[in-house]
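There are 2 protein chains.
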Amino acid sequence: MATHTSRRPAGRRAAARRSPGRPAGARAARKRIWLFDEGNATMRDLLGGKGAGLAEMSRVGLPVPPGFTITTAVCNEYNARGRTFPPGLMDEVRRALAAVERKMRKRFGDPKNPLLVSVRSGAKFSMPGMMDTVLNLGLNEETLRGLAGLTGDERFAQDAYRRFIQMFGKIVLDVEGGKFEQIIEARKRRAGATVDTDLTARDLVEIAREFKALIKREKAVDFPTDPWVQLEMAIRAVFDSWMGQRAVDYRNYNKIPHDLGTAVNVQAMVFGNMGGESATGVAFTRNPATGERRLYGEYLPNAQGEDVVAGIRTPHPIAQMERELPGVYRQFQDVATMLERHYRDMQDLEFTVERGKLWMLQTRAGKRTAQAAVKAAVDMVAEKLITKDEALLRVEPEQIYQLLLPRFDPDDKAAAEREGKLLTRGLNASPGAATGAAVFDPDTAVEIGGNGKPVILVRPETNPDDVHGMLVARGILTARGGATSHAAVVARGLGKPCVAGAEAIRVDPQAKQFSVDGRVVHQGEFISIDGTTGEVFGRAIRTLDPDLSKERDLQTLLGWADRARRLGVWANADYPRDAARAREFGAEGVGLCRTEHMFFEEDRLPIVRRMILAESDVERQRALDQLLPIQRGDFTGILREMAGATVVIRLIDPPLHEFLPRYDELLVEVTELRVRGDDPRALAEKERLLRAVAGMREQNPMLGLRGIRLGILFPGIIDMQVRAILEAACTLARQGIKSHPEIMIPLVGHPNELRVVEERLRPLAERVMAEQGVRVGYKFGTMIEVPRACVVADEIAGRAEFFSFGSNDLTQLIYGFSRDDAEGKFLLRYVNEKILPENPFQVLDARGVGALMEMAVRLGRKTRPDIELGICGEHGGDPASIEFCHKIGLTYVSCSPYRVPTARLAAAQAALKEKQARAERDR
Amino acid sequence: MATHTSRRPAGRRAAARRSPGRPAGARAARKRIWLFDEGNATMRDLLGGKGAGLAEMSRVGLPVPPGFTITTAVCNEYNARGRTFPPGLMDEVRRALAAVERKMRKRFGDPKNPLLVSVRSGAKFSMPGMMDTVLNLGLNEETLRGLAGLTGDERFAQDAYRRFIQMFGKIVLDVEGGKFEQIIEARKRRAGATVDTDLTARDLVEIAREFKALIKREKAVDFPTDPWVQLEMAIRAVFDSWMGQRAVDYRNYNKIPHDLGTAVNVQAMVFGNMGGESATGVAFTRNPATGERRLYGEYLPNAQGEDVVAGIRTPHPIAQMERELPGVYRQFQDVATMLERHYRDMQDLEFTVERGKLWMLQTRAGKRTAQAAVKAAVDMVAEKLITKDEALLRVEPEQIYQLLLPRFDPDDKAAAEREGKLLTRGLNASPGAATGAAVFDPDTAVEIGGNGKPVILVRPETNPDDVHGMLVARGILTARGGATSHAAVVARGLGKPCVAGAEAIRVDPQAKQFSVDGRVVHQGEFISIDGTTGEVFGRAIRTLDPDLSKERDLQTLLGWADRARRLGVWANADYPRDAARAREFGAEGVGLCRTEHMFFEEDRLPIVRRMILAESDVERQRALDQLLPIQRGDFTGILREMAGATVVIRLIDPPLHEFLPRYDELLVEVTELRVRGDDPRALAEKERLLRAVAGMREQNPMLGLRGIRLGILFPGIIDMQVRAILEAACTLARQGIKSHPEIMIPLVGHPNELRVVEERLRPLAERVMAEQGVRVGYKFGTMIEVPRACVVADEIAGRAEFFSFGSNDLTQLIYGFSRDDAEGKFLLRYVNEKILPENPFQVLDARGVGALMEMAVRLGRKTRPDIELGICGEHGGDPASIEFCHKIGLTYVSCSPYRVPTARLAAAQAALKEKQARAERDR
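Going line by line, the protein sequences match chains S and F.
Just so we're aligned, residue 1147 is where the first sequence starts under the working numbering, counting upward by one.
Just so we're aligned, residue 1147 is where the second sequence starts under the working numbering, counting upward by one.
Take these hints with a grain of salt, some might be off.
Where chains are identical, the list cannot tell them apart; a pair therefore holds if satisfied intra-copy or between any two copies.
Said to hold, decoys possible - Listed below are the simulated DSS-like cross-link pairs for lysine-lysine, each with C-alpha atoms no more than 30 Å apart in a straight line:
#1 1358 / 1316
#2 1658 / 1832
#3 1980 / 2008
#4 2008 / 2033
#5 1401 / 2008
#6 1925 / 2008
#7 1925 / 1980
#8 1316 / 1334
#9 1503 / 1513
#10 1401 / 1177
#11 1696 / 1534
#12 1358 / 1252
#13 1252 / 1503
If you are wondering where the hints come from, they were derived from the structure by calculation, not from laboratory data.
Bear in mind that the values here come from a model prediction, so they are computed numbers and not experimental data.
Can you make the complete structure from the sequences, with help from the hints?
Here is the structure:
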């Protein structure tokens, strides 16, 4: 609606501009109809995609049935006039059709030698909801006779007529399609026919009669017999379909302007169902699944296009045509090669062979899988068809991500479906496929999964207490929660498949089972989840694991991307194994190492809790002393793994109560003990814990005691962490391993916060290096995730040597959205109703959040021109957001290891688009 | 520290600039010492406050003991040289002292006719932690004899010597003061003396000897006998005290630059203890408590200044001097009048009478109560002493607020204290005094307080469920929570006294009592709380209720303020009675009428809950239909009360779960029922409710489903509210009463949110007016409280006819602070440790929050130049924040009714300061 509204005044202004100046004649002179051989490929705006393709093929001399295109401008004029044709339009149509008649040596409506045409819509973008094709237009009782005479095939002619009435009735006259089918079925029953082709010419005559009666009954109109009336009605129907509800909704949803309009293509019919030398088919110039350079497609001998689609007869692979129609096949091969060279891209072709003559009906860029996109792009560079820059722009970064995920073996998955093992579908929260034994709590996950046995963690929903289980699980399945629920976010971060919000399943962790539609899955039984589709299966399915090192083409493409991009690509990694994966995928550094995930691990959580609940400084320090060697080990591992590269380590961020037992659960336990009254000691113990947890509860933990606020109130924790980081770096330095730790302080909103902490941590770092007898380079910086930090970034840059945008929290605060709450409660609805163009947690909100990021970049650079600027929120792996980060001049983006290749390509595309824009400006 | 650090480089730069260019002679030529009759009142920077006052009095010919001031620049030089005197300083001191000697016809150190001096510090601002006065400097065994001879009073001379050694020992030599007192006490015991004056000259000789022995023992130095050495040491001590820890801390806390330095005042001694014609005293030119124009103060005959302070003898009222020393009194009256006229402000004076001669020792602006400030300012305009503008700038806006609060009768309060009824002190969360019966839950508060009986609601802490009780209570007392806890915020909004976080009390709502230090207060017992001081008393105390209409002077002053200010002053009012109070206090409109407070009222809450928990649309609509007439009544009441003025009505804002029973309590109830197992029906019922409440729970309700998000998801509620508003306005219009409702949509972050709602509500408003057959003017606007709204204010202003800054939420989101959590957990510590200069919920954070507000104002005006701009957060009543709002050009501020007079004055001061600044620029 926004687009529509904003367009209206512009339209009015344009009309105002137009009317007074230009003479009426000039307006009339605008060419409304283009013969195919008058247009070309660049005219998509005016002729639509299909029309421009037909024109281009005609222009370069390919065999295209002659025809013409009524422009999109006419559609707009039609609508502007309240659904009335511009005066004289039909006269122009007659003139254009006359040209077609001359080329075909047939005449429209001629009882002896009739020209039949197809009428098709064709907007700039292919668009569901637009009018379907009407074939065989021009037929009536008289021209039918001519067609029978010309072809010598009575049944063919009757069948063509039947098809025409059916299509016209359904598409132009809006009679429900099922009713035509019912008539055919009834006739087949009466005639004892099993398939359509069993019907005789006589049967078809009867069917046509019944079709017309149906139309008369339903719409109170006689079926038009005048071909010119048929044509005019069909053109009008195409225009009307542009403003049909489905098309309007689709455009609203996809933000396609409503004033593009659709073109109408009127084209001479050719018939693939005129006997043995006839055929119809579709083909890709390369294999759209693999990218292999070889014609790929299928065809049906003696059939019309719709038969291929209808799936009644099984089409033959295109290669078979080489044997059956060798001459035509060779010709088609040449055309395909020529069109690919011409368009410099893989083409998706439609053709018809009429009595041994090849006719091309459509060419367009072919949709392809990720694998095919990569292979085709790289191959085409080798073939010198396109440049490396073009190759980089040909592949969707998102496709790369899909390439790197484990997938189900398609055969085994299909088998499972056939066996009825598809249990349900949930939200596709984190892509990839996984198989494992169902487990229902994180401890069991560790117990079973820790030994290498694959497990899938199934929970009603997850929370930080479950993370140690999620770490060992192959995948996560939850009954509740949206695409940004805890399960989804953590799973995406870990690169693990996750199906969330599978509402049909009932999870009972006590009973260690879940049920769905009466079927029960117990602990230990194997299930499989597909996080790309949201499917949940009730048995193991074989998975195929990709290996980047074996993906030669992808490696080649990413190599080009690395040379093209300006933006660094780093990864978020909390563990050495993540860091290793990130490096393998091409990460140049670690932009976010979250130290608290380490705290959640099973062997550490008890110590962390002792530290938090300590009643004296001595007790707290004792716990911290226990944590120090553990954290040092963590940091040594990750710094070693990233030797020579930077690792940004964020000091503790979450509120401490996240590490404690949950308040609700404790409250229930205490109440139970109290009512039972049989264990006063346990009650007292639990009550003490409940009080401690209650004291730390917060109304809005997002906005509470966390981040640097913790560092100021409980300095012991971050002192321990900084000591661990420096000790780790010094240890490695003595082993000759170079590390570049950067200490990141989260949640800073005021420069004084940073000052207080820095004034303690810098001397501490110096002290550690003195103790260790070795110096290491380190930086001290901050996360920019509080809106105020953007506004005072100049002051903050006085202390911080680097900024890393925590775009998740920044988005939460700038919108006032809590992800946990917003997603489930209203955000999806906001996106569906287009109140928000996108989920701002997936695609960076450039207008709002981005504006403050830009401010921070500008102010930060003012104080410290060489400041290192990164982003470590989830947006760091999203292509559109990466383009924005490139534009505002960040140093790097940091994303989950699995998204690193995607980010490398997206960063390259951002640089290339900038280059293109500059070149255009300079032109 | 920030100031210190940032100053250092500036200092270095300044030094660099200075050294190469100017000749050494020029530097030496800078005047280091100013005789009192050389300086004047404008030289506070160089001479300090005290020095400038003494100079000014000398300059205009008043009797000031001669003396001189060593400048603050010397102090800085002393520190810059590593605590060394600038070369030649003591020579200059000698020359200056020679001038004093000439005037006094005495000589410093002369055994016969000795000049004694006092040495005092004197910075630009009066500052605790700086050096105290040293009197009688210049005495030693020899000059002592001269003094005895000159005065003919051996005991006087010995006493003067004793005092000098004591002061010098304590202040300059840093010997603990208590040790001197011990010597005196011991001597008194031995001499059988009860008071100091019982001691004989001989006793005093002994004491002086013991003092010297003490100093030798403690500091291993002989007491200096050379008057020049004494003087040099005293000057050095003053300079050193500038960098003493206490002074540095004080300056850091009060953001006073460290490079101001202190001056040193050396002045000839005069003695008020030289017999019957001698006296010493302090006086104000007007009564500092009431503002009455009459000398107010006290004096002591035959005493030195320190005796007045020490409180050993009871001083006489100053008026008594008229009888006892009539000539001196008349002279002093003339001097006082003259100084007041001269300084054009009420003065605080110190004087000494030596043998019938009046000497002035100090003059400075007098501190005064709110009442005195107002009366003096208004009187002085009548006396043509000052202009109205000056009068407006003389009164602190905050003082006005205190003037309008109920206060305890001071006599009764003092009596209560004497009786030991002061139970404890908590946080002074909302000022004013209240007395009532203690009640421990909101329902009882309504039950007892509803009948007009005064009650004080005592709770561990409050939440929205308690509001109906808070509404009827006279005051609120809580054991937990800070200055921005729920209790504090609501109480301030209601203008009710509140003492929060009184941690010493233990509240037991079940037992209906609280205890403090073993004393138990039961329900129904009377207590009194003073929200201005935080005191809690265990009995009723009489209160005095102010009445603005009787405060003639205040009315006059506020009338001037209204003419001086540009900013409108509106009030936040949810009920007609609040609106009436607001109008009485001068509010020009209602800037925030919160509709949800009405929902919390006891008779409505059940309907609201039915509406929320409705399981069908029909059920929900039925509840809404019941609410409609109630809300219409609410709006009719407030619109009628504000007839002719604007009322901004905010549609529902809080998350719906705030209206439901609390999850924790339900969880406990369900668990109890489950464990007991004796009432399955009640269990099922409660479980159903628990599930419903659980479904609405949020992790961070601040950032969840509230504000416009509710309006989009549950349009029925705001439809009902808008209908109620328009119906109310139409009803009034038909009665000939003009109303100007403005419909305010909360929590907008994206213009599309506003569009969706406006597209529904505008036609609804039109429909209501058509039904009612009358048209009323209304506006449609939004609260700016989400940071994103500031960034896209230009887009939002396309829909919104007004903005009202919700600065509370805006601050929460820009800082990422939840008030509920931050205040209790870390914000107070941040403020105490000066990490934040102020609590940003009390004083608007101009640098951060303010910058985004300015952006919103600029962008909003770009789209809609006449947009109405207000602020309705608590900052709307804070003077510093009001000044900021004036600067950025808001239309109005809206605050709680009780703060309206404060805001009127603050707005006037903001306008006057701007006028002054402009005048200075133009000069």
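- Task: If the cutoff is 30 Å on CA atoms, where do residue 1696 and residue 1534 land: within, between, both or neither? Let me know, please.
- Result: within (21 Å within a copy, 86 Å between copies)
- Item | Homo-oligomer pair classification [residue 1252, residue 1358; C-alpha up to 30 Å] | Within one copy only: 27 Å inside, 136 Å across.
- Taking 30 Å as the upper bound on the Cα-Cα distance, should residue 1316 and residue 1334 be classified as within, between, both, or neither? within (20 Å within a copy, 122 Å between copies)
- At 30 Å max between alpha carbons, let me know whether residue 1252 reaches residue 1503 within a copy, between copies, both or neither. Answer is within: at 17 Å inside a copy they meet the 30 Å cutoff, but 135 Å across does not.
- What label fits residue 2008 with residue 2033 when the C-alpha limit is 30 Å: within, between, both, or neither? Cα proximity of residue 2008 and residue 2033: in one copy and across copies (18 Å, 26 Å).
- Query: At most 30 Å between C-alpha atoms: does residue 1503 with residue 1513 qualify within a copy, between copies, both, or neither?
  - Reply: Classified as within: same-chain Cα gap 27 Å, cross-chain 108 Å, threshold 30 Å.
- Query: With identical chains treated as interchangeable, where does the CA-CA distance between residue 1925 and residue 2008 reach 30 Å or less: within a copy, between copies, both, or neither?
  - Reply: The answer is within: 19 Å in one copy meets 30 Å, while 42 Å across copies does not.
- Task: First find the shortest C-alpha distance between residue 1925 and residue 1980 inside one copy, then the shortest across copies, and answer within, between, both or neither for a cut-off of 30 Å.
- Result: Between. Shortest inter-copy distance 26 Å satisfies the 30 Å Cα cut-off; intra-copy 43 Å does not.
- Intra- versus inter-subunit Cα pairing at 30 Å for residue 1358 with residue 1316: within (12 Å within a copy, 120 Å between copies)
- Message: For residue 1401 and residue 2008, with the copy left unspecified, which applies at a CA distance of at most 30 Å: within, between, both, or neither?
- Response: between (37 Å within a copy, 27 Å between copies)
- Which holds for residue 1980 with residue 2008 at a C-alpha limit of 30 Å: within a copy, between copies, both or neither? between (38 Å within a copy, 26 Å between copies)
- Message: At most 30 Å between CA atoms: does that hold for residue 1401 and residue 1177 within a copy, between copies, both, or neither?
- Response: within (28 Å within a copy, 77 Å between copies)
Going down the numbered hints, you'll see the structure goes against none, and every one checks out.
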